[in-house]
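Visitor: Just so you know, the protein sequences line up as chains A and B, in that order.
Per this note's numbering, the first sequence starts with residue -10, numbered consecutively.
Per this note's numbering, the second sequence starts with residue -10, numbered consecutively.
It is worth saying that the hints were derived from the structure and are not from the lab.
Warning: the hint list may mix true and false statements.
All copies of an identical chain are treated as equivalent in the list; a pair is satisfied when it fits inside any one copy or across any two copies.
EDC-like mimics (lysine to aspartate or glutamate), calculated; alpha carbons at most 20 Å apart, straight line [what the hints assert, rightly or not]: (1) Lys29 x Asp4; (2) Lys29 x Asp0; (3) Lys23 x Glu69; (4) Lys44 x Asp18; (5) Lys23 x Glu36.
Owing to the predicted nature of the structure, the values given are computational and were not obtained by experimental measurement.
2 protein chains.
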Amino acid sequence: MRIRVLVSYKDSVLDPQGQTVRNALLTMDYNFVKNVRQGKVFEIEIEDLSDEKIKQVIPELADKVLANPIIEKFTWEIIE
Amino acid sequence: MRIRVLVSYKDSVLDPQGQTVRNALLTMDYNFVKNVRQGKVFEIEIEDLSDEKIKQVIPELADKVLANPIIEKFTWEIIE
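Make a model of the complete structure from these sequences and hints.
Guide: This is how it looks when you write it as structure tokens:
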């Protein structure tokens, strides 16, 4: 099975990388761009687990290892 | 409108960050984890554009700015 976890800064946290990308796009005349936020994506291949187990364990490991819960938020989904 | 672009290393490219995360998870007894690949996610807020324009312009800017096409691949989708 494959799980995708998306980690991004909380909305209240400044995102200088996203701002830099936005500014680069604007200087290249992609002036329809209003805002850019950059984050991380993890694609995790795991052994087959029950849905219940996945719902327990993926948020747990995302919270402990993949994201810093003080400044980041995450979402996850089963992709395969 | 909001566009999500996922950028990750091509499968043939080593991913030391993903390996480090995998090793960390294994030492924490998440031993159902088989592999981890880490990438970047960009959430781009744009003015309303036609589907046709989006299909032209998003791959173009992803290729020029968000990803390094030598070692990275990307996918994108409209999320809002």
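Visitor: A separate judgement is required for each hint: does it hold in the structure or not?
Guide: Okay, the hints, checked on the actual structure:
1. In this assembly of identical chains, the alpha carbons of Lys29 and Asp4 lie at most 20 Å apart whether taken from the same copy (12 Å) or from different copies (14 Å).
2. Taking the shortest Cα distances, Lys29 and Asp0 sit within 20 Å of each other both inside one copy (15 Å) and across copies (17 Å).
3. Proximity of Lys23 and Glu69 under a CA criterion of 20 Å is satisfied inter-copy only: 14 Å between copies versus 33 Å inside one chain copy.
4. In this homomeric assembly, Lys44 and Asp18 come within 20 Å of each other (Cα to Cα) only across copies, at 17 Å, whereas the closest approach inside a single copy is 43 Å.
5. Taking CA atoms no more than 20 Å apart as the test, Lys23 paired with Glu36 passes between copies only; the shortest distance there is 7 Å, against 41 Å inside one copy.
Of the hints listed earlier, there is not a single one the structure fails to meet.
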